[in-house]
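Per our numbering, the sequence shown starts with residue 64, numbered consecutively.
If you are wondering where the hints come from, they were derived from the structure by calculation, not from laboratory data.
The reader is advised that the hints may include incorrect statements.
[Claimed, not checked] Calculated pairs, SDA-like style, for lysine to any residue (alpha carbon to alpha carbon, straight line, at most 25 Å):
1) K182 to K600
2) K626 to E429
3) K697 to G630
4) K342 to K487
The model shown is predicted, which means the values in this text are computed figures rather than measured ones.
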Amino acid sequence: YILIDNGKVSIEDASSFWGMCTFTAEEKLRSQHGVCGVACIGPAGENLVYLANIMSEGRTAGRGGLGAVMGSKNLKALVVKGGKRIKIFDEKAYRTILKKIKFIIENDPFTGFDGTLSKFGTAGIVHRIRSAGILPTDDFSGRMLSFEEADKFSGESIREKFYFGRRGCYLCPTACGRRIKVRNTITKGPEYESIVMLGPNSGFYDYEEIVELALECDKLGLDTISTGNILGYARQLGIISTLKDSLKLIEEIAYNKSVFSKGVKNAAKIFGREAAEVKGLEIPAYDPRGALGIALAYATSNRGGCHLRAYTIAPEILSNPVYVDPATEVGKAEIVKRMQDVFAVYDSAIICKYHGLSLFTSLKFEIEDLAKILTSLTGFRFTNSILHEIGERIYSIERLFNVREGFTVKDDRLPGRFSLNLNKLLTEYYKLRGWIEGKPQLPLSLREVEYAGREELTITPLMKLKPPQIQVALDMDADLDTIVKVAQQSYLAGARIIEAGTPAIKRHGVDRLIPALRKVAPEALIVADMKIADAGKLEARVALRAGADIVAVLGIGGIEKIKEALGEAIRNDCAILIDLIDCEDPINRVEELIKVLKGKEDWVIFCLHRGISEQMRSRGIYNQKILISEFRRKIKGFTMAIAGGIREGTAGEIASNGVEIIIVGSAIYNSVNTMETTKRFLDEVRKMYRKID
64 YILIDNGKVS IEDASSFWGM CTFTAEEKLR SQHGVCGVAC IGPAGENLVY LANIMSEGRT
124 AGRGGLGAVM GSKNLKALVV KGGKRIKIFD EKAYRTILKK IKFIIENDPF TGFDGTLSKF
184 GTAGIVHRIR SAGILPTDDF SGRMLSFEEA DKFSGESIRE KFYFGRRGCY LCPTACGRRI
244 KVRNTITKGP EYESIVMLGP NSGFYDYEEI VELALECDKL GLDTISTGNI LGYARQLGII
304 STLKDSLKLI EEIAYNKSVF SKGVKNAAKI FGREAAEVKG LEIPAYDPRG ALGIALAYAT
364 SNRGGCHLRA YTIAPEILSN PVYVDPATEV GKAEIVKRMQ DVFAVYDSAI ICKYHGLSLF
424 TSLKFEIEDL AKILTSLTGF RFTNSILHEI GERIYSIERL FNVREGFTVK DDRLPGRFSL
484 NLNKLLTEYY KLRGWIEGKP QLPLSLREVE YAGREELTIT PLMKLKPPQI QVALDMDADL
544 DTIVKVAQQS YLAGARIIEA GTPAIKRHGV DRLIPALRKV APEALIVADM KIADAGKLEA
604 RVALRAGADI VAVLGIGGIE KIKEALGEAI RNDCAILIDL IDCEDPINRV EELIKVLKGK
664 EDWVIFCLHR GISEQMRSRG IYNQKILISE FRRKIKGFTM AIAGGIREGT AGEIASNGVE
724 IIIVGSAIYN SVNTMETTKR FLDEVRKMYR KID
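Kindly generate the complete structure, drawing on both the sequences and the hints.
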């Protein structure tokens, strides 16, 4: 086995581990080397079985026979130890984008704390796949299970009857894996693919029996998807019929004593019955007859029958990021192509595709967040378009490898028994890729990745702020030209935060107003004072889609609207301003909010605000010196704004309390000379500003 210890590589004697199952070998290697990572093969890999996998902590590099590749090199395991830190180019930007991604994942209905994956594991999709009619049964017979049949192994039933806890990859907030208690034994629970392929596709419906089959595969180092495909095939031939028969066949496969050890395609040549495979790789747990996207994905996958090259089940069945009719051909070729390119990048970066799904917002499958992670980590400039181009290049290079090895367009097909004509989709797909007769054309695009300066790595609007700033609030009931003129003059005077005030928004709408402001103030942060009181996600989206950088939400009332608006802002690399107007006890309220919003400092502004109606009865907020000072202290780490009757001569005093943003409205837009007034305000706050640590 290979040992990598803090960068030092050595080849160690594995004779004492050869022949061991994966569980025992991993346990003994860990006891010998202490804290380490172990990836090892079992008897299947040692015996060069085509469906052998690599195991690590119950997780699997499962498909395509990688375990046999290790076995062919007499390599039992890879053991890795290390304690060195990874150097990060721009740690602040890196940590900020990580916070954003973590927030999105944790609040996503699929990957979040209360989402399907966290609560029910990957088996949480069983009923949705069943109801769509694409859950395989009896070697892809096409028979649709009843609810009662499928419920025996659904995520909901597993949680109710067998659940013992969650398990996940290191630091994963989703932890979609299951720890289960079966027959008084606590063990790892199998995933959706293993459950379905070893379960109903193989004629088994008892969850405890399915678990036994899955654990046997893991122990011997076999791919559960391919094994389940083979068991279903063998059962239809009458080779097996019971759990005992199946366990015996699994053992024979692992020790290369079965015709199935070379995969179902080779076995089909002997038995004469067509198998469910593409390019020799067994088809997984989604029947392609009910979803044309996954059918095309199987056909064009470079490694054969694989759902992980383009998981079109997400849009076709799970409505992620949006719903796409599984029966339509329209747009499917582009969806498959774009997904394949994006997932090639995710695979290269070694990132979970479930988390990728939570970040997509459209069928363009945006990976801007991944681009920012890579840029801030390495210092080389990546963008969404560059990563898509890299993914396209990866996929074409893989295809060229297949072409060299003799694969042609004739191999881009599904088994004939599925009766699917993909010719139209394949023609469109090849055209989108620029392939002629299924072959990539040389030379492939190879763009050099440029070095990125740190100034390019601003992740949120608040990271661009250089306090103190004047925010010009355009609370004007005026025609659009008048409002835009005030914004332009303020911007030319140096103001870098322009607020689309509530009256202006109500009169002109965000779709007219915000683009008009952006045109005359291109480098300014545009605030949309929506005063969101409900439907935070929807209302924030409306403003952000129009081009706002910051959206205002009311601080009074329920907190859900704030969380929703914040989630939408974070997803769009924007921010929110929490307006505490009409709040009777702003200190107490901000303490409540900070408990929920701690860690979101890069996306939140707290605004202490005395409204115009209240100003009519008393003096402006500038008179509340003790309140301002206490408020600043309470929200340490967050950006603070002040609004309410601020005039020349008071703005500087407010800035001296460490207030980063002073919001000025009528004192600027009602002045005789907007530019000169704005300049005086800026000079005053810059002279008096004092940062409070």
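Here is how each hint holds up against the structure:
no. : hint         : in the structure
1   : K182 to K600 : holds, 24 Å
2   : K626 to E429 : holds, 23 Å
3   : K697 to G630 : holds, 23 Å
4   : K342 to K487 : holds, 20 Å
In terms of the numbered hints stated before, the structure departs from none.
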